[in-house]
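*Asks:* Here is how the chains run, residue by residue.
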Amino acid sequence: MSIDILIVDDSITIRAMTKKALALSISDLGQVYEAENGILALARLAEKKVDLIITDLNMPRMDGLQLIEKIKRQPNLADIPIIVVSTDGSTERLSELEHQGIRGYLRKPFRPEQLKEILSEILETTYDHQTHNTDVGDF
Amino acid sequence: MTTKPITLTSAISEVIENLTMMVVDDPETCENFAPQLRGQIEFTGPVNGSLGIQCSENLAQKLAANLLGVEQETMETQANAWDALAELLNVVCGNLVTSLYDSERPFNLSSPQINVIVPAQIDDNKEQSYSNDDSQRAFILLDDEPVEFVLSVKK
Ligand SMILES: [Mg+2]
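In order, the protein sequences belong to chains Z and U. The working numbering numbers the first residue of the first sequence as 1 and each following residue consecutively. The working numbering numbers the first residue of the second sequence as 1 and each following residue consecutively.
By construction, these hints were calculated from the structure, which means they are not laboratory data. For each residue, glycine too, the CB sits at the ideal point set by N, CA and C. Misleading hints may appear alongside valid ones.
What the hints assert, rightly or not - Just some of the chain Z residues that point at chain U, by a computed CB distance under 10 angstroms: (1) N58; (2) P60; (3) G101; (4) E113.
Said to hold, decoys possible - Some chain Z residues close to chain U (C-beta under 10 angstroms, calculated; not the full set): (5) D9; (6) A16; (7) M17; (8) K20; (9) E34; (10) M59; (11) S86; (12) G104; (13) K108; (14) F110; (15) E124.
Take the sequences, apply the hints, and build the full model.
*Replies:* As structure tokens, this is what we get:
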């Protein structure tokens, strides 16, 4: 199966970097959608469900925490695995995210191989999907 | 709670080296520093304050090209350079506040704002920042271009 992914981040730079890391990590990458905040992410998800969401926390209009809360309350979306990519690495925030049921966390700045590692674990356990075996290297 | 001036430059350098593939150095002098862009991000939480950045437009373009993995000459818009600078500020600030002040309780960061510096503002800003006792400055060279960070804490 091909894996469709939604990247939510207010920085176009981070979205582009993440997209690149995804292309290097997933052998059967499907559509990669982008949204710059939680509101646009929910609008995208209402149109098309994805297999995985990668979201920032600090965003204008609707932040990542509010987005995750709304996704988890919608029965048709609640099972989509979520990876959080954020500068916030405080222990309180991490346990809050864990409590909300996120599947992975990456602190900015991150290396492509760190994203690949999290992806392979989630995709294998959720969809029995293998990531690339090649070394993703640096950007 | 006070900031730790010794670790400010090294903490900033470490984050930038991890984010970019750019070389971070100590400048020999910060004379003739004429930045064109200024960015600012506010943080609230266990400690409240702001982090500012000043640099050239060329550095912002270099940074964007580096992060996007493209040649600087092929960079399309100014928006990309400003976005890259804003994200650098966001990442540096988020890492700094946890390493300098509190790694357990979360901080909230504002959206970073980038502006063009009007030449007349440069001196005003220096005076404003120096008048704040809790301001810490860090000067670094990023790919041979000077960048200044100003960390200010509200009492
Ligand atoms: Mg953000």
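*Asks:* Find the hints from earlier in the document that the structure breaks and name them by number, from lowest to highest.
*Replies:* 3, 4, 9, 12, 15
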